[in-house]
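Residue numbers (the numbering used here), protein chains in the order written: chain A, 125 to 235; chain P, 153 to 270.
Heads up, some of the hints might be wrong.
[Claimed, not checked] The list that follows gives simulated cross-link-like pairs (lysine-lysine, BS3-like), each with its CA atoms no further than 30 angstroms apart:
id: 1; chain 1: A; residue 1: Lys-150; chain 2: P; residue 2: Lys-172
id: 2; chain 1: P; residue 1: Lys-193; chain 2: A; residue 2: Lys-194
id: 3; chain 1: P; residue 1: Lys-216; chain 2: A; residue 2: Lys-193
id: 4; chain 1: P; residue 1: Lys-193; chain 2: A; residue 2: Lys-180
id: 5; chain 1: P; residue 1: Lys-193; chain 2: A; residue 2: Lys-150
id: 6; chain 1: A; residue 1: Lys-180; chain 2: P; residue 2: Lys-252
Simulated from the structure, these hints should not be mistaken for lab results.
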Amino acid sequence: SQQGEEDPQALSIQEGENATMNCSYKTSINNLQWYRQNSGRGLVHLILIRSNEREKHSGRLRVTLDTSKKSSSLLITASRAADTASYFCATKDNYGQNFVFGPGTRLSVLP
Amino acid sequence: GAVVSQHPSWVICKSGTSVKIECRSLDFQATTMFWYRQFPKQSLMLMATSNEGSKATYEQGVEKDKFLINHASLTLSTLTVTSAHPEDSSFYICSARASKSSYNSPLHFGNGTRLTVT
Chain A
125 SQQGEEDPQA LSIQEGENAT MNCSYKTSIN NLQWYRQNSG RGLVHLILIR SNEREKHSGR
185 LRVTLDTSKK SSSLLITASR AADTASYFCA TKDNYGQNFV FGPGTRLSVL P
Chain P
153 GAVVSQHPSW VICKSGTSVK IECRSLDFQA TTMFWYRQFP KQSLMLMATS NEGSKATYEQ
213 GVEKDKFLIN HASLTLSTLT VTSAHPEDSS FYICSARASK SSYNSPLHFG NGTRLTVT
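Isolated chain P (complex conformation) (with noise of 0.2 angstroms):
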């Protein structure tokens, strides 16, 4: 159980456009799922936490603006990368925390989406 799906694994863009990467939870309802940016052989960094329902709550230094996400039901989270540039390449990851677990239980990753911009 608790399993999270992300969309698409991988995806390559011009310039310019805009990616639109999907984090489901497929077995569980998740109120609260996070985003994160990886750069090669580094750890996780955290960019927003999405609520369902209601507004994300970004990280200092993500712009809301360039990282658009949308949580409109309990078990989808978007995250859309608007005019993307070559510096928005890396690799993005999603996790969703259980609706019904608390704030200290484990949470379940996605297996991440590999963004190039070229």
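Isolated chain A (complex conformation) (with noise of 0.2 angstroms):
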């Protein structure tokens, strides 16, 4: 069964203004992560959070974690036309090797 569930499915915001996209899951994690995909190319990873942290930041990047409430929202300040892309998370148990991904949200940041 799908572990991450992302909303919005797509977000279009003008360059300055903040994203923000929220993932749900349904199992007890390890930790959750967030990946980003340009068009057309592979994911590039951009942040973890481990299932004791809360809160993390790595510049224009807030990602929180509920874990009572199985979501995580990641938070993107001061958005860029660059920034459009499409942005998944990703679930890993404390038992397997995979990562399960959720559908995904798709970024656009209008110039």
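Two chains, two frames, a set of hints: combine them into the complex.
Shown next as structure tokens:
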């Protein structure tokens, strides 16, 4: 079954605005990661948050994790046209090797 | 560091032929590589886990005789789509985990291969 679910599926904002994407999952996790995918390319790791962490920052990125609600959010501040991409959350449980990817949010930042 | 090279980036082939896609870790050793399939505007679907020196582990519903995986060295895994048909047209992506990293570490992805079967 799908582990991560993201919303919104698509988001269109103006340059300079903030973008918030949410991810929900179903089972216990070891960590949750966010990846970015430019059109027709592979995924690039953005940030990892462990299950015992609540918030993490990296540059213009801010990730929160609420394990009681089994949800995470990715905030991109002061967005740029170059941030246009699809963003995926991926969860990793404590047992297997595999990550499970959510359906992704397609972000469009308009100049 | 941690670069994964996937080749070719795109390929067009005729129905019934086979296509091989290579995934190489350029600056690290990867005991484990993963192969995914991605449909337009959708997420990644894990096809199989490729382990160096042993048989790949396929996800439910993925035909192992159709999608042959070989992981003969610590830096190379190949996916061969045999007897390709138009429904095999898709975007295939590989990822690798460095041998020295834990299961919880981030994955490093290739840039994907766009396969079109005519």
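Report the numbers of all earlier hints that the structure fails to satisfy, in ascending order.
1 and 3
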